[in-house]
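Protein chains: 2
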Amino acid sequence: MKTVIIGGVAGGMSAATRLRRLDESAEIVVLERSGHVSFANCGLPYYIGDVITDRNALLLQTPSSLKARFGIDVRVDSEVISIDRAAKSVTVRSLATGEQYFEDYDALVLAPGAAPFVPPIPGASRALTLRNIGDTDKMAAAVDAAASGPEPTAVIMGGGFIGVELAENLTERGLKVTIVELADQLLAPLDVELAALVEKHLARHGVRVLTGASVTEVGADSVVLSTGDTLPASLVVAAIGVRPETGLAEAAGLELGARGGILVDEHQRTSDPSIFAVGDAVVKRDAVTGNEALVPLAGPANRHGRLVADVIAGRSVASRPVLGTAIVGAFGIVAAATGWTEKRAVAAGRSVRVIHTHPANHAGYYPGAEGMSLKLVVDAATDAILGAQGVGGAGVDKRIDVIATAMRGGLTASDLADLELSYAPQFGSAKDPVNMLGFIAENLRDGLTETVQWHELDAELAKGVQLIDVRTPGEYARGTVDGAINIPVDELRARLDEVGADVLVHCQVGLRGYLAARTLAQHGRRARNLDGGYRTWARV
Amino acid sequence: MKTVIIGGVAGGMSAATRLRRLDESAEIVVLERSGHVSFANCGLPYYIGDVITDRNALLLQTPSSLKARFGIDVRVDSEVISIDRAAKSVTVRSLATGEQYFEDYDALVLAPGAAPFVPPIPGASRALTLRNIGDTDKMAAAVDAAASGPEPTAVIMGGGFIGVELAENLTERGLKVTIVELADQLLAPLDVELAALVEKHLARHGVRVLTGASVTEVGADSVVLSTGDTLPASLVVAAIGVRPETGLAEAAGLELGARGGILVDEHQRTSDPSIFAVGDAVVKRDAVTGNEALVPLAGPANRHGRLVADVIAGRSVASRPVLGTAIVGAFGIVAAATGWTEKRAVAAGRSVRVIHTHPANHAGYYPGAEGMSLKLVVDAATDAILGAQGVGGAGVDKRIDVIATAMRGGLTASDLADLELSYAPQFGSAKDPVNMLGFIAENLRDGLTETVQWHELDAELAKGVQLIDVRTPGEYARGTVDGAINIPVDELRARLDEVGADVLVHCQVGLRGYLAARTLAQHGRRARNLDGGYRTWARV
Numbered sequence: 001m002k003t004v005i006i007g008g009v010a011g012g013m014s015a016a017t018r019l020r021r022l023d024e025s026a027e028i029v030v031l032e033r034s035g036h037v038s039f040a041n042c043g044l045p046y047y048i049g050d051v052i053t054d055r056n057a058l059l060l061q062t063p064s065s066l067k068a069r070f071g072i073d074v075r076v077d078s079e080v081i082s083i084d085r086a087a088k089s090v091t092v093r094s095l096a097t098g099e100q101y102f103e104d105y106d107a108l109v110l111a112p113g114a115a116p117f118v119p120p121i122p123g124a125s126r127a128l129t130l131r132n133i134g135d136t137d138k139m140a141a142a143v144d145a146a147a148s149g150p151e152p153t154a155v156i157m158g159g160g161f162i163g164v165e166l167a168e169n170l171t172e173r174g175l176k177v178t179i180v181e182l183a184d185q186l187l188a189p190l191d192v193e194l195a196a197l198v199e200k201h202l203a204r205h206g207v208r209v210l211t212g213a214s215v216t217e218v219g220a221d222s223v224v225l226s227t228g229d230t231l232p233a234s235l236v237v238a239a240i241g242v243r244p245e246t247g248l249a250e251a252a253g254l255e256l257g258a259r260g261g262i263l264v265d266e267h268q269r270t271s272d273p274s275i276f277a278v279g280d281a282v283v284k285r286d287a288v289t290g291n292e293a294l295v296p297l298a299g300p301a302n303r304h305g306r307l308v309a310d311v312i313a314g315r316s317v318a319s320r321p322v323l324g325t326a327i328v329g330a331f332g333i334v335a336a337a338t339g340w341t342e343k344r345a346v347a348a349g350r351s352v353r354v355i356h357t358h359p360a361n362h363a364g365y366y367p368g369a370e371g372m373s374l375k376l377v378v379d380a381a382t383d384a385i386l387g388a389q390g391v392g393g394a395g396v397d398k399r400i401d402v403i404a405t406a407m408r409g410g411l412t413a414s415d416l417a418d419l420e421l422s423y424a425p426q427f428g429s430a431k432d433p434v435n436m437l438g439f440i441a442e443n444l445r446d447g448l449t450e451t452v453q454w455h456e457l458d459a460e461l462a463k464g465v466q467l468i469d470v471r472t473p474g475e476y477a478r479g480t481v482d483g484a485i486n487i488p489v490d491e492l493r494a495r496l497d498e499v500g501a502d503v504l505v506h507c508q509v510g511l512r513g514y515l516a517a518r519t520l521a522q523h524g525r526r527a528r529n530l531d532g533g534y535r536t537w538a539r540v
Numbered sequence: 001m002k003t004v005i006i007g008g009v010a011g012g013m014s015a016a017t018r019l020r021r022l023d024e025s026a027e028i029v030v031l032e033r034s035g036h037v038s039f040a041n042c043g044l045p046y047y048i049g050d051v052i053t054d055r056n057a058l059l060l061q062t063p064s065s066l067k068a069r070f071g072i073d074v075r076v077d078s079e080v081i082s083i084d085r086a087a088k089s090v091t092v093r094s095l096a097t098g099e100q101y102f103e104d105y106d107a108l109v110l111a112p113g114a115a116p117f118v119p120p121i122p123g124a125s126r127a128l129t130l131r132n133i134g135d136t137d138k139m140a141a142a143v144d145a146a147a148s149g150p151e152p153t154a155v156i157m158g159g160g161f162i163g164v165e166l167a168e169n170l171t172e173r174g175l176k177v178t179i180v181e182l183a184d185q186l187l188a189p190l191d192v193e194l195a196a197l198v199e200k201h202l203a204r205h206g207v208r209v210l211t212g213a214s215v216t217e218v219g220a221d222s223v224v225l226s227t228g229d230t231l232p233a234s235l236v237v238a239a240i241g242v243r244p245e246t247g248l249a250e251a252a253g254l255e256l257g258a259r260g261g262i263l264v265d266e267h268q269r270t271s272d273p274s275i276f277a278v279g280d281a282v283v284k285r286d287a288v289t290g291n292e293a294l295v296p297l298a299g300p301a302n303r304h305g306r307l308v309a310d311v312i313a314g315r316s317v318a319s320r321p322v323l324g325t326a327i328v329g330a331f332g333i334v335a336a337a338t339g340w341t342e343k344r345a346v347a348a349g350r351s352v353r354v355i356h357t358h359p360a361n362h363a364g365y366y367p368g369a370e371g372m373s374l375k376l377v378v379d380a381a382t383d384a385i386l387g388a389q390g391v392g393g394a395g396v397d398k399r400i401d402v403i404a405t406a407m408r409g410g411l412t413a414s415d416l417a418d419l420e421l422s423y424a425p426q427f428g429s430a431k432d433p434v435n436m437l438g439f440i441a442e443n444l445r446d447g448l449t450e451t452v453q454w455h456e457l458d459a460e461l462a463k464g465v466q467l468i469d470v471r472t473p474g475e476y477a478r479g480t481v482d483g484a485i486n487i488p489v490d491e492l493r494a495r496l497d498e499v500g501a502d503v504l505v506h507c508q509v510g511l512r513g514y515l516a517a518r519t520l521a522q523h524g525r526r527a528r529n530l531d532g533g534y535r536t537w538a539r540v
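One line per chain: the protein sequences are V and S, in this order. Residues 1 to 540 (UniProt numbering) are what the first sequence spells out, left to right. Residues 1 to 540 (UniProt numbering) are what the second sequence spells out, left to right.
Extracted from the complex, chain V is given alone in its bound form (with noise of 0.2 Å):
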C-alpha cells in the first residue's frame, strides 16, 4: 500500500506520521513543493518581528529527522505538476535539477494549503507575501533593508489575522506601518464593534489603520490608494487573504466546491475515491449550518490530516464541522472569536440574542485584573449559541475556548450560567465571565430584561424614547450616550416621578443598567437597558 502526499506542512505531515503509527509497512512519499516541510507557518510574522530570533526554530522537522524516525521519503522542492488519475500516478518535477518523473500511488492526498492573494494591480510584484520559510526569509532581508532606510515605512494590504501580526511585528522592527482594509473594519471574525477596539490599540502603538479603502498600484517606494492618496511604503505587504490551491485537483477534473475549495466527504476524501484532500485547500462545512465553508485554521488542517491516515488505513472515522475558532494578539490585545458572528447570523436571516459584557479576567480585588469585552451570540428561537467574540487582555483565550467547547458539547447559551469553572481570585470570578454571559442569556430567554444593541440606539431616541444614564454624577460628567438624564442608579426608587413610560437605561457595562430596568419594569414602565452600557457604545 502506497501513499503520496502532496504538501508537507500541517496536514500532510500529520497525515503523514499518523499513518506511519497506523501501519509500520505502508509507503509514504511526501511531496513537497517548497524547500521546507513540517515548519511553523503560525510563527513566520514572529520571526520577522525578531520575537523568535532563531531560524532553526521554524523547522519543527526535516527530512531526514521525517526519515529517522518514521521511515517516511520526504522530497523538498519538488513539484507536482499533474495527476493521472486513471493509471493513478503523479507527474512530479525536481525544482533542483528540473528533472520529471512519475509517482504511482493507491492512495492520494492533496494537501497543497492555500496562497495568499495579490491584486491585480501595476507593481504589484513588489507586494510581499508570508507563506513558507522562502517567503519568510525574503521578507526578512526586505525589512532588515527597510528599517535602515532613513524613512522606514510599510504598508500592509489586508488587516485580518496575518496583517494585523505583521503590523506589530513590523512597527516592533521599527517601520511606520498602516494598514490599508477594504472593509469597513478589521479582522472579519470579529463585529465591527469589537473589532473597533483593536483598531484603537493599534492606534495607539502607532499603526495607521484605513479601513474602507484599497490600494490601486504599488510604485517603487510607494502605494496608491483608492481615495486618490498616496503612502509612503519602503514595505508593501499583500496580506489580504489567501486562496485554495486547486489547479492540480481542477485539473485532475476533481469536482469543487461552490466557493472554490477541494470539495470532500466526511472521510476528507474528494469525488475520486483514491484520492483524499486536506487543510487550506479543501471546502470544511460550517458547524452552525452543515454548509460548505472555506475555512483556513492550523487546527482543522492538522485534525483532518490524522483522520485521512485513519481512513486510508481502513479505520471508521468522520471529520466533524468547524467552527473556526480563531485567536490573534498584537501588542498586547488578544482578539478571539469561534463560530458566527452577529453580521453573519443577521445575513443568514438569524433571529438573534446578542450581549455584550466588560468583565475583568480575574477578582477585581486581586491586583493586576486585565478587562476584556466578550459577545455572546444566541439564536432567539433555540438558545443555541451560534457565537462568541473576545477581545482584551489576559484570559480571552480561556472564555472563548471555553465557549467553543460548550457549543462542541451542544450546550445552550443559558446553560453557561452554570459551568463549573476553577475560581481562586488570581484565575477567574466566583461567578466567570463566562457564567455572567449565561445569567444574562437566561434573563434574556425568559423575558426578564430587554435589551437595546448600541446600533438601535439612535433609532430608538428617533421614536422619542427617554434615555437615563443610570451611572454617577462624576461618570455622567466625564461622557455619557448623546441625550441621556442622569439618574444614579441607587436614587431611581426616589426619582420615579423623573422617568416617563417607555424608557432606556444604560451605565457603563450594562449592570447597573439591568438593575435599573427591573426597577423600572416593576413601576410599571417599558424600561431596556443598553446592553453593553457605555463602553459598547462608545467603543472603550
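It should be emphasised that the hints constitute simulated quantities derived from the structure, not laboratory data. Bear in mind that the values here come from a model prediction, so they are computed numbers and not experimental data. The reader is advised that the hints may include incorrect statements.
Computed list of chain V residues with no C-beta within reach of chain S, every gap over 10 Å [stated by the list, open to error]:
id, residue
1, Glu79
2, Lys88
3, Pro119
4, Asp135
5, Gln185
6, Gly219
7, Val224
8, Thr289
9, Asp482
10, Gly500
Some but not every residue of chain S turned toward chain V, in silico, with C-beta under 10 Å [to be verified]:
id, residue
11, Glu24
12, Val51
13, Phe70
14, Gly299
15, Asn302
16, Arg306
17, Pro367
18, Lys398
19, Asp446
20, Thr519
Where chain S lies over chain V, by a calculated footprint (3+ residues, C-beta under 8 Å) [stated by the list, open to error]:
id, segment
21, 359-370
22, 409-415
23, 426-434
Note that CB positions come from ideal geometry on N, CA and C, so glycine has one too.
Start from chain V and add chain S according to the hints.
Below, chain S alone, put in the same frame as chain V:
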C-alpha cells in the same frame, strides 16, 4: 412576601440580590453573625500576605450599599439562635447589644457556611483559622508580631487549598513555614503523583512539607508532632478542613445528609418546604454519580444562592450536580482539578483509563512557553471523562476549564480530540494539550496503544518484562527508570533483534514511547508504553 436569609456572604447574598431583581416588592432581611457581609473570602489569604494591601478591597458590599441599591435590610453582628418552624420565625441575638428578638418569615434561607475544623488537642486555642474578616484581622496582627520576632516560624495544620495558599503568603511575609498533613500527600483533589509536583515546588520556595503526620499538641511557641518531634511555631494555623454549620438546622429538626450537611432537593429546599439552604453548609450531588457530596466552593454557593431566589420567586429552575472544579496557586505554580481523581474512581470500583501528559502551554517555538502536567481519568467502559487534573504554569486553568465544560456537555474523552480551541503560537498549539489528551484517549479506547501506569511498573518488572528507554543516550545518561536499557526510538527498527517478546518502553513524556510501542507491536511484540514517561515516574 418576606424572606429571611441567614448568612450574608456568597450564597446568602446572591440569593438576596437576585430576589430583589426578581421582586421589587419583596421584603428581604439578611442576618449575618460576623461583622461583615459580602466580603471576599477567597482573597483573605492574600491580604495576610500583603498581596492585597487595601483592607477595603475585601469588602465588596456593605449593609448601607446594599440598602441603597437593593433595598435589602442587612444586619451584621446578628446571630440567629433558633428557628421556630411552626411559627415561621427565628430568634435573633444582636452580638452588639445582647438584645434578642423574633423575626418572622415566609421563606427562610440558610446560608451559614462551614466552620474551620480545629482538632481537639492540647493548646488548640492558639491555632488561628481564616474564615471571615475578624479572623483575618487577628491573623494579620499575629503575623505582624511573629514576623518581627527573632525566629519567625509558622506551622500550618492541613495541606489543602487554604493551607497551601497560606504557606505562600506567610512565607512572603518572612515566616519559615511547615505544613503538617495527615494524609500521604497535599491537596486531596489531586492524585499523589501530581500533588508531589506541588510539594517539590513548595520545598524549592522554602516551605517544609510533612505528610503522614499530625500536630498532637500546641505549645506556647512550638508544636508537638505525632512523630514525637517538636517544631518551633510562632504562629499555628488550623487549615485541616471545614465542617458544615448544621447546628441551627439540626436543632430545628431539618434532615441532614449522611456526611453531615443540610439535605436539600434540586430546588435547594430542605425537609421543611419553607426553608431553603445553600452553600458550604449543604449537601450537594456529585456530577459523576449523583451521590451526596460536600463541596465547599464559592461557585456552586453563588449559583445556588441565585437559584433559591428564583425558586422563592416562583420560577421553574433546578440545580445541577457539581463537578467540584477548583484551583490553587502558590509561588507561581498552579494546581487545578475537576471531577474525580484516579484514587477516588478506583475506590468507587470504577475501571479507569488514565492518561498523563506534560505539554507546554503554547507552541514551543514561541518564546516563554511554560510546562504543565495534565492527567485525565476516563471510564474504561464508556469513554466518559471522570475527571482531570493539571499542575504547572500558565494555561493550566484554561485546560481544566475546557475539560470541565466538556464534561458538562457530555463529551467523551475521545471527543476532546476534535475540540476547536483558539490557536496562535503565543496562546496554544495547533494540537492543543486538550486535543492531545483526546488523541491518546481515542488510541487507548481503540486498542492502538496499551499503557502501564507509574505505580504498576514494579509489578511488571518483577514479572520479567523488558524495559527499554527509547530516549537519546544523553537523556538516558542523565537518569532513567531503574532497570531500563537504552535503544533510541530512531534506531529501533534497526535493532529489533535486541527487543524481547514482552516489552515496556518509556521516553521522557510518553510520545516517543508511543511511537516505539506502535512500531514494536507491528513487529510482533507485546509492547506497552509507560504512561507519562520518565517525568510522571520520577515526578519531575
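Structure-based check of each hint:
1. Residue placement check: Glu79 (chain V) keeps its beta carbon more than 10 Å from all beta carbons of chain S (closest about 25 Å).
2. Every Cβ of chain S is farther than 10 Å from the Cβ of Lys88 (chain V); the closest lies at roughly 25 Å, confirming the non-interface assignment.
3. In this structure Pro119 (chain V) is separated from chain S by more than 10 Å, as the shortest Cβ-Cβ distance comes to about 26 Å.
4. Look at Asp135 (chain V): its CB is around 17 Å from the nearest CB on chain S, clear of 10 Å, so calling it non-interface holds up.
5. Every CB of chain S is more than 10 Å from the CB of Gln185 (chain V) (nearest about 20 Å), matching its label as outside the interface.
6. Distance check on Gly219 (chain V): its Cβ is at least 33 Å (rounded) from any Cβ of chain S, clearing the 10 Å threshold; non-interface status holds.
7. Listed as outside the interface, Val224 (chain V) is consistent with that label: its C-beta sits roughly 32 Å from the nearest C-beta of chain S, beyond the 10 Å cut-off.
8. The non-interface label for Thr289 (chain V) is consistent with chain S: the shortest C-beta to C-beta separation is roughly 16 Å, beyond 10 Å.
9. Look at Asp482 (chain V): its CB is around 27 Å from the nearest CB on chain S, clear of 10 Å, so calling it non-interface holds up.
10. The Cβ of Gly500 (chain V) lies farther than 10 Å from every Cβ of chain S, with a closest approach of about 18 Å, so its non-interface assignment holds.
11. A hinted interface residue such as Glu24 (chain S) counts as satisfied when its beta carbon comes closer than 10 Å to some beta carbon of chain V; here the least separation is about 4 Å, so the hint holds.
12. Using the Cβ-Cβ criterion of 10 Å, the hint placing Val51 (chain S) at the interface with chain V is satisfied: the shortest such distance is roughly 6 Å.
13. The restraint placing Phe70 (chain S) at the interface with chain V holds, with a minimum CB-CB distance near 8 Å, inside the 10 Å limit.
14. Given the 10 Å rule on beta carbons, the hint for Gly299 (chain S) holds: about 5 Å separates it from the nearest Cβ of chain V.
15. Taking 10 Å as the C-beta cut-off, the interface hint given for Asn302 (chain S) holds, the closest approach to chain V being about 5 Å.
16. About 7 Å separates the beta-carbon of Arg306 (chain S) from the nearest beta-carbon of chain V, less than 10 Å, and the hint is met.
17. Because the closest C-beta pair between Pro367 (chain S) and chain V is about 6 Å apart, less than 10 Å, the hint holds.
18. Taken as an interface hint, Lys398 (chain S) checks out: its beta carbon lies about 4 Å from the nearest beta carbon of chain V, inside 10 Å.
19. Interface restraint check for Asp446 (chain S): the shortest CB-CB distance to chain V comes to about 8 Å, inside 10 Å, so the restraint holds.
20. Of the supplied interface hints, the one on Thr519 (chain S) holds, with its beta-carbon coming within about 6 Å of a beta-carbon of chain V, less than 10 Å.
21. With 4 residues having a beta carbon nearer than 8 Å to a beta carbon of chain S, the segment 359-370 of chain V meets the requirement of three or more and the stated coverage holds.
22. Taking a C-beta to C-beta cut-off of 8 Å, the segment 409-415 of chain V contributes 4 residues in contact with chain S, enough for the three needed, and the coverage statement holds.
23. Counting residues of the segment 426-434 of chain V whose C-beta lies closer than 8 Å to any C-beta of chain S gives 6; at least three are required, and the coverage claim holds.
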